[in-house]
Amino acid sequence: PDGTDYVNAKNVCPARIYIGMKGKMEDGSDAPADDFLARNGLRYGKVYGFATDMSSSGPTGGLFRDSFHKPRENGAQVDGKFVAINWMWDGVAKNFRHDGAWDFQIDVPGYESTDMKWWNSGSLDLSGSKTEHLSPDTRPGMTAFIQGSTAGYFGHYYIHGVKEALDAIERDDDLDFPSELDSSYFVYQGENDISGQIELNGVGLYRSPVTECPGAADATVNCDKDFSVKNTFEDIDGLEVIAAQEGLFAIIQEDSGNDLGERMFISSVLEHEADGNELTYYFMAMSGGKFNTRMSEMIGIPAMSSSASGSHEFSGVIDLSGMLARKEEVRKEGLFNIRGRGVQDGEFAIRAHDGEAKRQTELKVPINNKLIVLGLQAHNFFDGVIKAFQADRGGQVMLYQPDI
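Residue numbers (our numbering): 807 to 1210.
Check each hint, because a few of them may be wrong.
[Stated by the list, open to error] Computed beta-carbon distance windows for the label pairs: (1) 974 x 933: 34 to 40 angstroms; (2) 949 x 1172: 23 to 29 angstroms; (3) 1181 x 839: 49 to 55 angstroms.
Treat the hints as calculated values from the structure; they're not laboratory data. C-beta: ideal position from N, C-alpha, C; glycine also.
Work out the full structure, taking the sequences as your base and the hints as a guide.
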């Protein structure tokens, strides 16, 4: 439509959200009551992308997302809008040629021929770094999420006036979805040198020296491949925000192929005050890596499961504190409005399947009282009993309690 050829749509996209209407089929008609997709608003809805003023005087100075974060200080702000694309699913499975992903290479609907552009990672016609996990801001009154990038940065998207916009739609018989929603993005971490922000607390030592990782003595740096030592985050994959009494904390899990062992961190309380202060990252663990002495000696659990050295990947985070909280603990912290009526002291504070109460309870548990499940994939554990049972690979599920 703009006179240029489309490019491969992989990683040519902004941050996106979806708004769905429950109980509707793809054409907007009423759905059967037992339709799972319709009951969850997944048949009839709109996809929205983050767009901003990309002029030289705009909030990014004309820089797309990856370039904007090189480097960028904590608290940097980008105001924009989540704007609905024209594409909607019609209920028919088609090949990718008919997907809405192509819309992020053309003008923003309603802003044609203006400086308002999709804030893609690379550009409108250039692939950039991949965004992997995002995590919701579960604090009351917030419609927001935290998004990471394999480029090594992450930040917070706030979506404003959602209730007001949806209320306005209910009063307008001609509209089912808002065309746009105001939004603000704040940087938590730019693609910067973080080695001085990391606290190892006497651990996180690498095998040293390793010729292929010059100067890499500990986990303040990442040797993502031979003769490549980085002082930034490298390939942020897993990212989960832990809501606690003190505020929000981020667990960051890299997936970089670190030759010396993949790293995992938990942040200090997330804040974006633009006060010149950066976050602190507390070292949690490392695992794998072809030059890790345990890996090179083919030590693994179960025994005989490792037949070669290789990389590992921390992946997956579950905060158990809401599910495991006891009634008397919750009462002590002052959370009286959870839906746990009839539960006696000594019993769990919330009922099974009550996700809202779980999230409310998490907010009242101090970070150092949390019990957090962590997943680990061991990509080089594929032999022995793992092979015999034709399993994918080895790994571990661990229980972690912070001490920060």
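Hints and how they fare:
{"no.": "1", "hint": "974 x 933: 34 to 40 angstroms", "result": "holds, 37 angstroms"}
{"no.": "2", "hint": "949 x 1172: 23 to 29 angstroms", "result": "holds, 26 angstroms"}
{"no.": "3", "hint": "1181 x 839: 49 to 55 angstroms", "result": "violated, 36 angstroms"}
Taken one by one, the earlier hints fail for this structure only at number 3.
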